[in-house]
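S.K.: One letter stands for each residue in the lines below.
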Amino acid sequence: MGLSQSFFAVKFGITERDLESYLSEALSAGGEYADLYFEYLANTSIGIDEGIVKSASEGVTLGVGVRVLIGERTGYAYSDDLSPEKIRKAAHVAARIARGPASIVKTGFEDARIHNLYPMITVPHDTALADRVDLVKRADAAARAYDPRVFQVQASYGDSIREILVATSDGRLTHDRQPMARMSVAALARENNGPPQHGYSGGGGRVTLDFFLNEKTPEYFAREAARQAIVQLGAVDAPAGESVVVLGPGWPGILLHEAVGHGLEADFNRKGVSAFTGRIGQQVASPLCTVIDDGTISSRRGSLNVDDEGTPTRQNILIENGVLRGYLQDTLSARLMKSASTGSGRRESYQSIPMPRMTNTYMLAGDSDPEEIIRSVPKGIYCATFSGGQVDITSGNFVFQATESYLIENGRLTRPVKGASLIGNGPEALKYVSMVGKDLKLDEGIGVCGKEGQSVPVGVGIPTIKIDKMTVGGTAQ
Amino acid sequence: MSELVELAQSAVDRALALGASDAEAGAAEGEEFSASVRMREVENLKQAGSRGVGIRVVVGQRSGSSRTSDLTPAGIEAMVRSALELAAITTEDPHAGLPAPEELGQITTDQRLYDPSIANMETDWKIAQAMRAEETALSADPRIQNSEGAGFETHIGTRAFVNSRGFSGSYRTSTCGLSAVPVAVENGSMERDYWYTSAREAARLESPEEVGRRAAERALRRLGARKVSTQKVPVIFEPRTARNLLGDLFDAVNGGAIYRHASFLAGKLGEKIGSDALTIIDDATLPGLFGTSPFDDEGVPSRRTVVIEHGVLKSYLLNTYTARKLGLKTTGNASRGLAGNASVGPGNFYLEAGTVSEQQLIAGVRQGLYITELIGASANTVTGDYSSGAAGLWIENGELAYPVSGITVAGNLVQMLMDLEQTASNLEFRASIASPSFLIREMTVSGQ
Chain A
1 MGLSQSFFAV KFGITERDLE SYLSEALSAG GEYADLYFEY LANTSIGIDE GIVKSASEGV
61 TLGVGVRVLI GERTGYAYSD DLSPEKIRKA AHVAARIARG PASIVKTGFE DARIHNLYPM
121 ITVPHDTALA DRVDLVKRAD AAARAYDPRV FQVQASYGDS IREILVATSD GRLTHDRQPM
181 ARMSVAALAR ENNGPPQHGY SGGGGRVTLD FFLNEKTPEY FAREAARQAI VQLGAVDAPA
241 GESVVVLGPG WPGILLHEAV GHGLEADFNR KGVSAFTGRI GQQVASPLCT VIDDGTISSR
301 RGSLNVDDEG TPTRQNILIE NGVLRGYLQD TLSARLMKSA STGSGRRESY QSIPMPRMTN
361 TYMLAGDSDP EEIIRSVPKG IYCATFSGGQ VDITSGNFVF QATESYLIEN GRLTRPVKGA
421 SLIGNGPEAL KYVSMVGKDL KLDEGIGVCG KEGQSVPVGV GIPTIKIDKM TVGGTAQ
Chain B
1 MSELVELAQS AVDRALALGA SDAEAGAAEG EEFSASVRMR EVENLKQAGS RGVGIRVVVG
61 QRSGSSRTSD LTPAGIEAMV RSALELAAIT TEDPHAGLPA PEELGQITTD QRLYDPSIAN
121 METDWKIAQA MRAEETALSA DPRIQNSEGA GFETHIGTRA FVNSRGFSGS YRTSTCGLSA
181 VPVAVENGSM ERDYWYTSAR EAARLESPEE VGRRAAERAL RRLGARKVST QKVPVIFEPR
241 TARNLLGDLF DAVNGGAIYR HASFLAGKLG EKIGSDALTI IDDATLPGLF GTSPFDDEGV
301 PSRRTVVIEH GVLKSYLLNT YTARKLGLKT TGNASRGLAG NASVGPGNFY LEAGTVSEQQ
361 LIAGVRQGLY ITELIGASAN TVTGDYSSGA AGLWIENGEL AYPVSGITVA GNLVQMLMDL
421 EQTASNLEFR ASIASPSFLI REMTVSGQ
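Chains as they are written, first to last, in the numbering used here: chain A, 1 to 477; chain B, 1 to 448.
Don't take every hint at face value.
DSBU-like mimics (lysine-lysine), calculated; alpha carbons at most 35 Å apart, straight line [unchecked claim]:
id : chain 1 : residue 1 : chain 2 : residue 2
1  : B       : 329       : A       : 431
2  : A       : 54        : B       : 272
3  : B       : 268       : A       : 137
4  : A       : 54        : B       : 268
5  : A       : 451       : B       : 329
For the record, the hints were derived by calculation from the structure and aren't laboratory data.
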């Protein structure tokens, strides 16, 4: 697809000559590399609470970011006005990071896009609003119908279309239309007027409303949220101290995101501040572990045709049979480390400087039967669902919060336990992985990753795994 | 400034003309600047501005919202029509309306939210501040061998709000801030920490040297951390981690959580829910602070609310909607971006300071944990269950003895509030939620 078919050419009349002129302005003080990131984002969200559709909201954002690189330096400016004068002014501001004679911009552009991971049949904005309202109403009804002990339900549905155009001073030009949709349900349950318990579920991806009609229905998410709230009604205190931990498949893959993924982002390693710095080729996990970051899985929340620097995404091996293989590179770090971008340059919006980020991070399946893994544990904890996590990439310490867990006693899941944080150290934790299941599962599509104030959607996945030693932050001794 | 008010007014007028029974519109513009340096070189320079407008319309008892960054008359028209279209698909909600006219208003005295000198700072001067902070950290100790850099940031913003019941107001804010993130290395172990200073007025910033020195000191004292054994001990939260816990308490007194019964404090108004040392205030009228404003995001005047007094729950924090749901009056805590239904947000939400120094607080603990960092803190506001990763210093015989990390700290907020034995005198307002150090009689520390 050439520029002429892109959203920005059609709607704003932007031509290749315009892009070249803005890039020339950006390099007018001698920068080594410049890029432009045009973004149009339209989103809609609908919320139901107490059975009442209380909120319905739409938003439109438009702007362009101009970036100039020289050595380790970045100059950045943006404009929410796409008039040529305003874009040129932003380019001029960004250019001032360099202080020398002008550099030459390559003329002519080549399209860098190589795949189409989220073909769209309908554009969400053409879909009737009533269809979206129907989704949240169905979720509300299904959560209440699941069990009479459910007494409060909140559900929301949101979708967006992001149109982007990236042009670089070395002659790359790409545009992409990126859909995203997500549904979430929260439920509260109580028994005999006792204290309430909370359950949450959600999912989606680079899909449109049809996904929730045909694949994962509102009822699916609603029942899951209600089920979790009901399970918690019988929960006992989580154990405190070191324990054998079995992680269930899917969303518990957040372990990989925190323990490994962030520490392998190239910016931290280029600066020498990651606990994984200088460890390429070293054993950082048990030989059972192969960890991949893959931006090319069709329709997944973390997938992209091209990253936010216009580089096609790909499958990157982070850890292979326990050995550290590679970092996640963006354009800047790749230039400085004499490497190539791995298609990992992402940003929250046109107002943000790109950084190396994850896409969909998961562990390959092993050959153990998941039930056999649980049977092998005399005493431990099984974690089925998490709410989130965080890592200190320098010390390597990371935490993730279990929201649905069970005690394992004599090889069987017994009582549900209350939410608890689990803490480990990145380069050490995966060395204790002693069994990996054959049941690799990707998460439902609700992940949001934060780094230096920028949020981007991501995915995770993992098969059932057994970790022989990890600290569990409960209160029961 | 008046341009933004006119923009918001034009959106409200247009909404009424197209059939809305009520409308409220917000408009905002901001200019941001940031400079970061790393290892004594400039790393990033960023400078730009943006504007936006949003509207919420009420049609009978239904409401819809929309926002846009397209401020042309055509952009405003599209936004208003979109909000009206959305209102038509929502459910009638008798509580959805705007505040009553007599509840609207604003504080007119100067709240010292805007310092003109911040807009006039030279780029080279701002870079130099970051350079000085990083240099101080790097030269503090031979073990400070690396840095994630230092940065100087400014933000100038204007916010306008207009509604169809006669409210019209706007105010400007300025912010400047300086931070440093040094990395300390010893015997193959690597630790980073940070310090920052941030203020609405330039004169209230700490010096670059102070920022660099404290950042280095914090990174250094983490080196050689151990993992302690699992046990129940007294725990002290220092201001930076204490404010994190205050944030959880804010969620628990948020009217939105209360009317849904999604807080362990629901139905507890007037009850003793904490120790005598626990007094929490929300005050959006304190001059020059981050949680201060002349009016909230519904056009209700800012005020001071005593939330908890000597352990007794005195008030929830409410906007118009949550107040109506609970049969109460708004506390002027409406908060929102440019569009959408208002949520509840803090003014300056703080735990009242005690009289003893932090050192005296520590001196009173024979064996315990002093928490300097919470990682992945998670409080379940519904049940009060609390569990977080932590790092800090182990207290032995009333003194900070050695660093600890890789541990968790857990308890339940219901009990933790009762066990909050003492607060220190070191209250500082570094953000809209603030707390002095405090001591909790007992929590579970998990380690080896």
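S.K.: For every hint, state whether the structure bears it out.
M.R.: Okay, the hints, checked on the actual structure:
1. 329/B <-> 431/A: violated, 56 Å
2. 54/A <-> 272/B: With a Cα-Cα distance of about 34 Å, the restraint between residue 54/A and residue 272/B holds, given a limit of 35 Å.
3. 268/B <-> 137/A: holds, 32 Å
4. 54/A <-> 268/B: holds, 27 Å
5. 451/A <-> 329/B: Violated: residue 451/A and residue 329/B sit about 39 Å apart, past 35 Å.
Figure legend: structure checked against the earlier numbered hints; hints not met, in rising order: 1, 5.
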